[in-house]
Structure formats: C-alpha cells, structure tokens
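Here the protein sequences line up with chains A and B, keeping their order. Heads up: the first sequence begins at 2 in this note's numbering, then just goes up one per residue. Heads up: the second sequence begins at 227 in this note's numbering, then just goes up one per residue.
Hints were generated in silico from the structure; no laboratory data involved. Treat the hints loosely; a few may be bogus.
With a Cα cut of at most 30 Å, we get these calculated DSBU-like pairs of lysine-lysine [as the list claims (entries may be wrong)]:
no., chain 1, residue 1, chain 2, residue 2
1, A, K243, B, K431
2, A, K149, A, K159
3, A, K291, A, K149
4, A, K149, A, K246
5, A, K291, B, K421
6, B, K421, A, K246
Computed from a predicted model, the values in this text were never measured in an experiment.
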Amino acid sequence: MEYTTDLLNALVLLSNYVLIPALSYGSQLALGAVGVTLIFGILRFANFYHGEMMAFGTMCTIFITWWFQSMGFTAGFFPTALLALPLAILITMLLALATERSVFRFYRQRKSRPVIFVIASVGVMFMLNGIVRMLIGPDEILFRDGQKFLIKAGAFKKMTGLSEGLALKQTQVLTVILAVLAVLLLFWFLQRTRTGKAMRAFSDNEDLALLSGINPERVVMVTWVITAALATLAGVLYGLDKSFKPMVYFHLLLPIFAAAIVGGIGQPVGAIIGGYIVAFSEVTATYAFKKFLKYLLPSDMAPDGLIQFLGTDYKFAVSFLILVLVLLVRPTGILRGRVL
Amino acid sequence: MTLLLLAVGFGQSWNVMLAIFNLCLISAIMSMGLNMQWGYAGLFNAGVMASTAVGGLAAVLISYSPVGKAWDAGGTELGIAFAALVVTIVLGLLVWKRMRPGRARSLSLTAVVLVGYVFIRFFYEGASSSIEAVETAKTGFLGGLGLPVLFSWAAGGLAAAGLAWLVGRIALGLRSDYFAIATLGISEIMISVLKNEDWLTRGVKNVTGLARPVPYEVDLQQTEWFVSLVKWFHGSNLAESGAGSDALREVILLSSGVFVKLCYSALFLAVLLMILTLAMLALNSPWGRMLRAIRDNEVAAAALGKDVTNRHRQVFIIGSAVIGIAGAMLTTLDGQFTPGSYIPLRFTFLIWVMVVIGGSGNNLGSVIGAFITWFLWIEAEPAAFWLVGLVTSMLAETSPLRQHLLEVAPHMRMVLMGLILVLVLRFSPRGVLPEQAPERN
Chain A
2 MEYTTDLLNA LVLLSNYVLI PALSYGSQLA LGAVGVTLIF GILRFANFYH GEMMAFGTMC
62 TIFITWWFQS MGFTAGFFPT ALLALPLAIL ITMLLALATE RSVFRFYRQR KSRPVIFVIA
122 SVGVMFMLNG IVRMLIGPDE ILFRDGQKFL IKAGAFKKMT GLSEGLALKQ TQVLTVILAV
182 LAVLLLFWFL QRTRTGKAMR AFSDNEDLAL LSGINPERVV MVTWVITAAL ATLAGVLYGL
242 DKSFKPMVYF HLLLPIFAAA IVGGIGQPVG AIIGGYIVAF SEVTATYAFK KFLKYLLPSD
302 MAPDGLIQFL GTDYKFAVSF LILVLVLLVR PTGILRGRVL
Chain B
227 MTLLLLAVGF GQSWNVMLAI FNLCLISAIM SMGLNMQWGY AGLFNAGVMA STAVGGLAAV
287 LISYSPVGKA WDAGGTELGI AFAALVVTIV LGLLVWKRMR PGRARSLSLT AVVLVGYVFI
347 RFFYEGASSS IEAVETAKTG FLGGLGLPVL FSWAAGGLAA AGLAWLVGRI ALGLRSDYFA
407 IATLGISEIM ISVLKNEDWL TRGVKNVTGL ARPVPYEVDL QQTEWFVSLV KWFHGSNLAE
467 SGAGSDALRE VILLSSGVFV KLCYSALFLA VLLMILTLAM LALNSPWGRM LRAIRDNEVA
527 AAALGKDVTN RHRQVFIIGS AVIGIAGAML TTLDGQFTPG SYIPLRFTFL IWVMVVIGGS
587 GNNLGSVIGA FITWFLWIEA EPAAFWLVGL VTSMLAETSP LRQHLLEVAP HMRMVLMGLI
647 LVLVLRFSPR GVLPEQAPER N
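Using the sequences provided together with the hints, build the complete structure.
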C-alpha cells in the first residue's frame, strides 16, 4: 500500500513539473514550427522573422485585450485574449502579406538564392523588433485574466490525500486544446481543399505545379496567411501561459527552428513531433530528479545529488544541442524532409 | 563619413566623437572578418557573436591576475575533471574509429560517454562550487594569467579560430540555411556557457577592472608633461579666460579623456590597417581567386580539383579569428567582460548589416559599411529624440503621447537598421563599394 502511494506521488510530481509544462510548451513550439516549416516548404527559405511575427501578433492581441477590458467586455472564466485573438490574427495576416508584397515578392520573381531571402528576413526582423518595442515597450507584460487554475495544488492534495500537489493551469489546457484544433484544421485544409492540395503540390515540385496551372501567387499568399495565423496563436498561447516580452520571443526562434529541423523540414507532421521532442528534452534535461527518485527507490538508496543532467540555466542550450545533433546525425530530420 | 564624425566632434563633444570612432574601428574589423566568410566564400555565418565573445573571454583570461586561492580551492579537481573529459573524448573517438559500425559500437560509445559524464560531473561539481565560494563578491573565479592585455588580442584571434575549427567540423557540410541556423544555435550555446560557468568568467556577475594598454585618465591628470602639453595646446584660449586654475583643470579633465581615446584609436587603427592590407592581398592572390570561384560555382570549382570543404573551413577559421581579435579589442576598450550583453541582434546581425551595406566581397566596403552602420546605430538615438522633440513641440511637456514617444525613441534604431538593410538589398544589392571585377590580362 505504501509503495503504491509512493508510486502515485512520484507520478504526480513528474506530471506537475515535467509532463504538463512540457506538453503545453511543446504545443506552443509545434504551432510555431509548423509555420516555419510551411514557409520552408513553399518559399524555400528559413524565415528569421518568425519570432517577431509571433511577438507582433501577441502585441496586437494585448492591445485589443486592453481595449476590450476598458469597455468592461471580458470573457469571464476564460482569458479575454481569446476574444481578441481573431482580430489580432487578421492584423498579423495583413502584416505578413505586406512584407510579402514589399520585400519578398521581388526576390521570388527574380528567383534569387535562398540566402538572399534569409538576409531580407533578417532586415524585416530588425524592423519588426523595433516596431514592437516602440509600440508596447521592451518590458515584461502579463495579460492573462479569468480563472488561473483549473486544479489547485492544495485542493488536489486534499482531494487525493497524496503528499504531492498537482496544479493545472487553465492556459495549459487551453494551449493543448487550441493547438490540437488548429493542427486538425490545418491538415484538413492541406489534405481536403483545392488550395491545400495546390500548396502540397507546389511544395513537392514547383515546376510541375506551375505546369498544371497552379497560381503561384495565390499559393504563396495563402501560405503567409496560414503562417501568420499560426504564429499569432502560438505567440498568444505562450504569452498567456508565461508572459509577453519581446526579447523572449526573439529567442523562441531557435527552439522553433530546432523543432522544424528535427521533425524534417517541409513536413508539418514532423514539425509537430519536433516541437514536442524539443520541449520534453528541454524540460527533462533541466529537471532535478532527486525527489522523484526518492519516492521510487528504497530510502537507503535515495540519491544525494540533485540528479539534474544540466543546470536550469542551460534550458535554451538544450534545444540547440538537439538541433546540432540532428544536423550531424540525420540532417533530413525524423520524417525525411527536404535538404535545402 | 569623416565630415559626419567631425560634425559630432563639434556638435556634441570630442569625447563622444572618439568613442564612436573607436567602436567604428572595432566594428570595421569585425565586418572584415565576416566579409571574408560571406563576401569571399559565400558562407552565411550567423554565429559572429560567438567569436566576439570568445575573443572577449581571451582578454579576461590573459590579462586578469590569477586568483591563487581559487586555484588552491578547486584547481586539482578541475584538472581531474578536464583530464576525464579528454580521456572520454579520446576513448569515444577510438571506439568510433576502431569498431565496426553496428549495435555493438553504438552501445559501447554510449557506455563510454555515460561513464565519462558521471566522472566529469562528479569532479567538476565540487571544483566549480569550491572555486565560486572563494570571495564570491570579489572574485569567485580562476582569474587569468596576468599578462599584458595586448597579448590577448592575438590570443582572442587564436581562441576564436579554435572555436571556428570545431564549429566548422560540425556545420560546414550543411547547406546555406542550415549552416546559418547551426551557427546561430552554437553561438547561443557558447553565450549560455559564458553566462553560467561562473568559475571561468564570473558569469553574469561580470569581470570588471581589466588592465589597460593605455594610461589611465586619473594618472594623466597628475603627469607633468601631459599638463604642459594641454597648456601649450590650449594656450591662447586659456590666456583669454585669464588662465584661472579652474578653467585649466576642466580642460585637463576633458583632454585626458580625449588623449586616452586617441591612444586606443591609434592601436585600433594599426590593427585595422594591418588586417586590411593582409585581407586585400589575400583577396587578390590565387587563394582569393579560388575562393571566389568556389563561391560562384561550387560544382565547377570541385570539378577543377579544388577542395571546396577544406577551403571553406580555412576561410571560416580565418574570418572568425579576425572577429575574435576584434572581440578581444572590444573587451579591452570596455575594460570589462559582461557575458549578459552579448545578444545576436547587436553582435551578429548588426555586423551583417555592415557587410551588406558596405558591399559584400569588398574589404574597403566593409570598413565603410561598418563606419556608416555604427554611426547610424549610435546617432539614431539622439536623432530620434530630436525628431520626437520637434514633432511634439506643440504638445505640452506632460502630454502622455509625448512621454510615450520619448520613451520609445531609442528603439527607432532597430527599425532604421532593418529598413536600410532591406532597401540596400533591394535597390543596391552590391552595396556602397561593389566588389571589383577581377582584372583580366
């Protein structure tokens, strides 16, 4: 009996600190990585301003949220940001289309090398970074409202009688549900609709797609629109779950790239798998397993150290390590993506 | 450009002008290094920051005086940990090379790495915590060699070259986009190591008070010859104002700052000219022609028997070394090493803007691009303040719009840089000074 309790305690501990946070973080990364991989697949370059696009979308959401709140218009139990999200997605779509028109179309028509696209996207990254900081400032912003916890740690302890508590934040559940919905919608679109099929054909073989009468302008536009929507959703969910800070969003670019490459560039399914791999390894590698093992092992075998693979400060480095490892061992990614 | 700098000199102050000029010189060296990689060879290196930071680390490790107590506290253990690391790597390589590919090899490699990891971790933990415990507020790290800081410029170059060799082993086989992402990732790993390994760099506690290659202002103000120099230089002005001792003191204070900055400028200029000459000679040599041939058509160059990967590695290492030298110079100029201040926007992508604006493939272009870009980067802030002041001059001092605009004015420079980069890339992709067409005889 005592052993069962210990086992349950260990499981609850693990889900509280590793499984649930990694699941929601992974969903956020996956949404971002799908956007990066779509751009990679259709436009064939690494979009360095994806993080800024997320920041921009989140910023719009925050402004609209504040506006709603000032009118006394909230979502009650849910965060108000969810109401603001559709409008913010629209604005971000317009932004993505504007950059496509003003910056990238020129190089597309001249069939420039991918590197030129990358440099141009670095330029856009600088501009958006500045604009976001100018509009909302470089500081950290919390914009979550509504009910914070679905299950509180204390209540959970009382309910189950275990000594470990389990806290479930509403944003974590929302993240997973919304991410699943968005991904299902995306796959339905890619597999079932004419435009989606055109996109897949274009990504697979551009010349053949052009021959069969697919309009490249339309495909590219739809790609940017979808990417903008996914980026905004990912950014808002991350911001709700943690907080919004422009610099952090810039740094999210690398775990997202890592996720896209690990999964296989140009493969949306791969990007999702990659997102969860990166998130779980980041959280697991920096979690101290001491307490977890204390529950599982007999008391005389309890470990002295923290049993932590890497210091917590190396959280970000883990995703880059995975990235480098995958590039070395299997540059095509798990799902055999395109090698650019 | 010279005119602009002079305008700052007269308009703001000579101290500001020289501070900008010095950083222009350092940026010019950095952008020359990147130009070798991108302009000569077409390598998209997004890890410029790593070379800069390693150069800076070298400045600390060379010039800071050794902390004896820390060595006593954790030196041996650290040595053992390091030896364990070397043994693990050697064993791992042996397993990799000697055994046939298959499950047995993977298993034994994993075993070697795991056992090695536990060993290293065991000694390293003890070492780092006991080193960091030594007078944490003042030192808490191993210190350096206590050599003159000028040596560190060469050492910075060497260290960056070593890192580049390692990065090149990992990333150089990859195509352009992947190479960019991999180098960006590695540079971030590098920075987080510098931030967190307190025994080596004091981490985010920063290392301050590094030795200088030039005299200190305070000493200068006491020195006989300097005071008489200032008197001679400003003789007529001082005579008019009555040669009061207050006026004299003020002039001496100002000129000591200018003098120190001039000393730095002279040193930096010497390094810049040296590297510029070498870079131009290299570009016009058979080696430079070969690199350009590889850049323009890898397949054709390979068909002619040129070793593409090795040439890429070579130029990647050389370029990184140049950036490393600039990194060491930057830390020397600042007199402190602050790992937290290395962010990719400033230390990687800004250098890219310099190279693209100046003209990829042209060394002089990179120098000019660096001057223009750094000047704009610094002066965009006062200019933005001035602009905001002008636009909002109708509004009251306390109006929230004016307050907000003044607050955000500094971020204007990001937008400006992005705009310039996009515009140059679109309308003048060859930059201010385009790459010169090779002479044909």
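Here is what the structure says about each hint:
1. K243/A / K431/B: It holds: about 26 Å lies between the C-alpha atoms, which stays within 30 Å.
2. K149/A / K159/A: Judged against 30 Å, a Cα distance of about 19 Å means the pair holds.
3. K291/A / K149/A: Given pair K291/A, K149/A holds - Cα atoms ~29 Å apart, limit 30 Å.
4. K149/A / K246/A: The given pair, whose Cα atoms are some 20 Å apart, holds under the 30 Å limit.
5. K291/A / K421/B: holds, 25 Å
6. K421/B / K246/A: With Cα atoms ~20 Å apart, K421/B and K246/A stay inside 30 Å; holds.
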